[in-house]
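Chains as they are written, first to last, in numbering that gives the first Met the number 0: chain B, 0 to 273; chain A, 0 to 297.
Mixed in with the good hints there might be a few duds.
[Said to hold, decoys possible] Below are the SDA-like pairs computed for lysine to any residue, each with C-alpha atoms no more than 20 Å apart in a straight line: (1) Lys2(B) / Val89(A); (2) Lys270(B) / Asn52(A); (3) Lys135(A) / Gly162(A); (4) Lys110(A) / Pro5(B).
[Unchecked claim] In silico contact screen, one side only, chain A against chain B (beta carbon under 10 Å); selected entries: (5) Thr42; (6) Lys45; (7) Thr48; (8) Ile51; (9) Glu81; (10) Pro87; (11) Tyr88; (12) Val89; (13) Phe228.
Think of the hints as simulated: they come from the structure by calculation, not from any bench. Ideal Cβ positions, reconstructed from N, Cα and C, are used throughout, including at glycine.
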Amino acid sequence: MLKIVPLFLYYFKNYYRSRAFYMMLAIDLLVSSLLVYFSFTYLSSIDKYLSRIVVNPPPELIRRVFDYVWNFALEYLPVLSAVFFGSPAISSEIENRTAYQIFPLPVGRFQLFAGKFLAAYVVSVLISGIFLLFQWITFLFVFHILQPDLFYLSILLLLVFIFSILSVTFMSSAIFNKNLNAYITVLVIYFLIFPSASYVINIFYGYTPYYLLTVAAAILQQVYFNFSVFSFSGGFSINPAPVQLILRSLWVMILYGVISFTTALILFERKEAI
Amino acid sequence: MSHLKLENIKKHYGSKVAVDSVTASFGSGCTAILGPNGAGKTTLMKIITHIINPSGGRVVINGLTLSDNPQKALENIGSLIEQPEFYPYVTGREALEFIAVMRDVPSDIMKEEINYLASRTGIVKFLDSRTGTYSKGMKQRLGLAAAMISEPDILILDEPTFGLDPRGIIETRDLIRSYSHKKNKSVILSTHLISEATEICDRVVILDQGSIKYDSILRDSTKKIRVVFETKPEIVPNAEFILSKEVKGTKTILFEIANGAQNSRLVDLLVNAGLKIKDFTESKGLEDIYLSLIHESS
Chain B
0 MLKIVPLFLY YFKNYYRSRA FYMMLAIDLL VSSLLVYFSF TYLSSIDKYL SRIVVNPPPE
60 LIRRVFDYVW NFALEYLPVL SAVFFGSPAI SSEIENRTAY QIFPLPVGRF QLFAGKFLAA
120 YVVSVLISGI FLLFQWITFL FVFHILQPDL FYLSILLLLV FIFSILSVTF MSSAIFNKNL
180 NAYITVLVIY FLIFPSASYV INIFYGYTPY YLLTVAAAIL QQVYFNFSVF SFSGGFSINP
240 APVQLILRSL WVMILYGVIS FTTALILFER KEAI
Chain A
0 MSHLKLENIK KHYGSKVAVD SVTASFGSGC TAILGPNGAG KTTLMKIITH IINPSGGRVV
60 INGLTLSDNP QKALENIGSL IEQPEFYPYV TGREALEFIA VMRDVPSDIM KEEINYLASR
120 TGIVKFLDSR TGTYSKGMKQ RLGLAAAMIS EPDILILDEP TFGLDPRGII ETRDLIRSYS
180 HKKNKSVILS THLISEATEI CDRVVILDQG SIKYDSILRD STKKIRVVFE TKPEIVPNAE
240 FILSKEVKGT KTILFEIANG AQNSRLVDLL VNAGLKIKDF TESKGLEDIY LSLIHESS
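I would like the entire structure built from these sequences, with the hints used as guidance.
Structure, rendered in structure tokens:
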């Protein structure tokens with residue numbers, strides 16, 4: 000009988016009561032508050048700055064600037080969530096010896112893995128969801144209007160990105176038996192190696208490496224403005240990213256997600272708690 | 000019927016042999032696995048409970064091969080391996096409920112079973128506290144309760160009284176003993192304490208350097224005589240007072256004779272058969288057997 004639901008509920012309980020969850024919540028609320036303050040404070044003066052780039056910037060453009068700034072922060076919330084909830088997901092079972100409780104259960108390793116992944120995913124979505132709620136309410140007050148198409152598109156991309164980055168952290172966790180090694184690996188890869196590689200390739204080869212997850216994840220902001228800090232060989236555009244760029248970024252995220260998830264699952268199936 | 004069969008189980012880590020061709024069967028009752036540190040007791044238990052895979056051989060549980068269908072085979076096993084750890088933010092009750100659900104305990108009897116096990120293992124007072132606040136002893140008790148959920152046919156317990164206070168030790172031993180006396184239940188526990196082994200269990204297996212050195216039913220009505228011969232005996236005579244003979248090495252035989260029989264009868268029998276005796280020692284109990292076997296190995 001499938002036991003993913005009770006597994007999910009059990010792991011979810013452990014996640015949302017954890018110190019890591021409250022820390023993420025605090026970060027979430029802090030960043031959201033700062034952006035609310037920013038939105039209300041700079042609303043009246045943002046068109047002055049935009050006028051230096053665009054003559055008579057339309058209200059829609061002003062709105063997209065705020066969306067872009069909010070989504071710049073939004074991209075990093077799932078990364079932090081994935082580090083907190085995903086990096087120790089498998090390695091902690093070995094390091095903390097909880098594997099001695101769960102491995103002898105009459106439940107397949109796939110179900111154990113899937114239940115835990117689902118719980119980490121839902122918790123990560125919850126954290127991002129709180130941020131999105133702040134964003135949505137703020138924009139209702141500030142702009143008195145929602146911009147549904149791009150906003151919902153960015154939510155869809157966010158959900159895929161959470162799956163993607165969480166899978167990468169689960170894979171890192173499945174490789175190591177120590178939490179610290181898993182944490183460091185993910186942080187180094189995402190915040191050091193990928194961005195460095197992106198800049199080096201941009202400068203020396205003159206193209207943006209869209210196959211890097213950091214570059215693909217920038218689509219969360221690029222749905223509003225086709226500009227990314229990881230891509231400066233293509234120039235800046237005040238228009239939203241074209242459909243083909245969105246689709247390409249989506250595919251890259253899905254590929255990272257599927258390959259990492261599968262690799263993590265295979266490693267977990269063979270894991271021994273020595 | 001054997002609940003659990005170990006067929007030529009091996010486990011090595013590189014060149015280090017942790018378990019070396021262990022073959023044994025376990026039916027109803029309690030078996031204690033004794034051995035020094037590093038003997039391979041915990042490794043063997045981890046293999047039986049699918050925490051690690053053997054390098055060779057197979058584990059058969061109630062007729063099912065563990066490697067072929069681990070999910071089905073593990074339905075019959077409850078275990079307590081090393082010092083148990085739980086997810087720190089769930090309560091003891093939630094941990095037990097979780098295991099009960101994983102073991103398909105019907106929801107209408109789950110609460111009653113959890114309360115019963117909690118009272119038998121002495122964890123009622125802190126059952127609704129988070130396991131992250133538990134002491135080592137509390138976790139050990141919770142671990143034992145978790146192992147017994149759904150009354151599995153086979154209970155694998157790795158030093159079950161470790162970290163418990165004296166009262167806890169007595170209560171735990173009573174609980175294990177009564178569990179092993181239930182119909183068709185098999186308990187296999189590892190311990191460093193010979194007294195614990197003889198108090199709780201009917202059978203003792205001594206493990207050292209990964210292999211079984213001794214495997215015998217504990218009987219009060221018999222005594223064991225260890226005879227070392229000058230040369231390898233070709234034929235060993237029988238007599239009605241000799242209950243069993245076990246060959247230990249090329250020149251050593253362990254005779255089990257009725258307590259009432261005189262040792263001199265055995266000596267006479269062997270000498271009359273033309274055998275030259277080098278050493279003749281009556282075993283004072285499991286301690287001597289254990290010490291002599293471990294000494295031989297080292």
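Cross-check of the supplied hints:
1. Of the pairs offered as hints, the one joining Lys2(B) and Val89(A) holds, with about 18 Å between alpha carbons and a cut-off of 20 Å not exceeded.
2. The suggested pairing of Lys270(B) with Asn52(A) holds, with an alpha-carbon distance near 9 Å, which does not exceed 20 Å.
3. Between Lys135(A) and Gly162(A) the CA atoms are separated by roughly 6 Å; this keeps the pair inside 20 Å, and the hint holds.
4. Of the supplied pair hints, the one linking Lys110(A) and Pro5(B) holds, its CA atoms being roughly 16 Å apart against a limit of 20 Å.
5. A distance limit of 10 Å between C-beta atoms decides the matter here; for Thr42(A) the minimum to chain B is near 9 Å, and the interface restraint holds.
6. For Lys45(A), the suggested interface contact is upheld, since its CB lies about 7 Å from the closest CB of chain B, less than 10 Å.
7. Hint on Thr48(A) holds. Least Cβ distance to chain B is approximately 4 Å, under the 10 Å limit.
8. Using the Cβ-Cβ criterion of 10 Å, the hint placing Ile51(A) at the interface with chain B is satisfied: the shortest such distance is roughly 4 Å.
9. With a cut of 10 Å, the hint placing Glu81(A) at the interface with chain B holds, because the nearest CB-to-CB distance is about 6 Å.
10. Given the 10 Å rule on beta carbons, the hint for Pro87(A) holds: about 8 Å separates it from the nearest Cβ of chain B.
11. At its closest, the beta carbon of Tyr88(A) sits 4 Å from a beta carbon of chain B; the interface hint therefore holds under the 10 Å criterion.
12. Proximity of Val89(A) to chain B holds as hinted, the smallest CB-CB distance being about 5 Å (cut-off 10 Å).
13. With 10 Å as the threshold, the beta carbon of Phe228(A) stays out of range of chain B, its nearest partner Cβ sitting at about 43 Å, so the hint is violated.
Of the hints listed earlier, the one the structure fails to meet is number 13.
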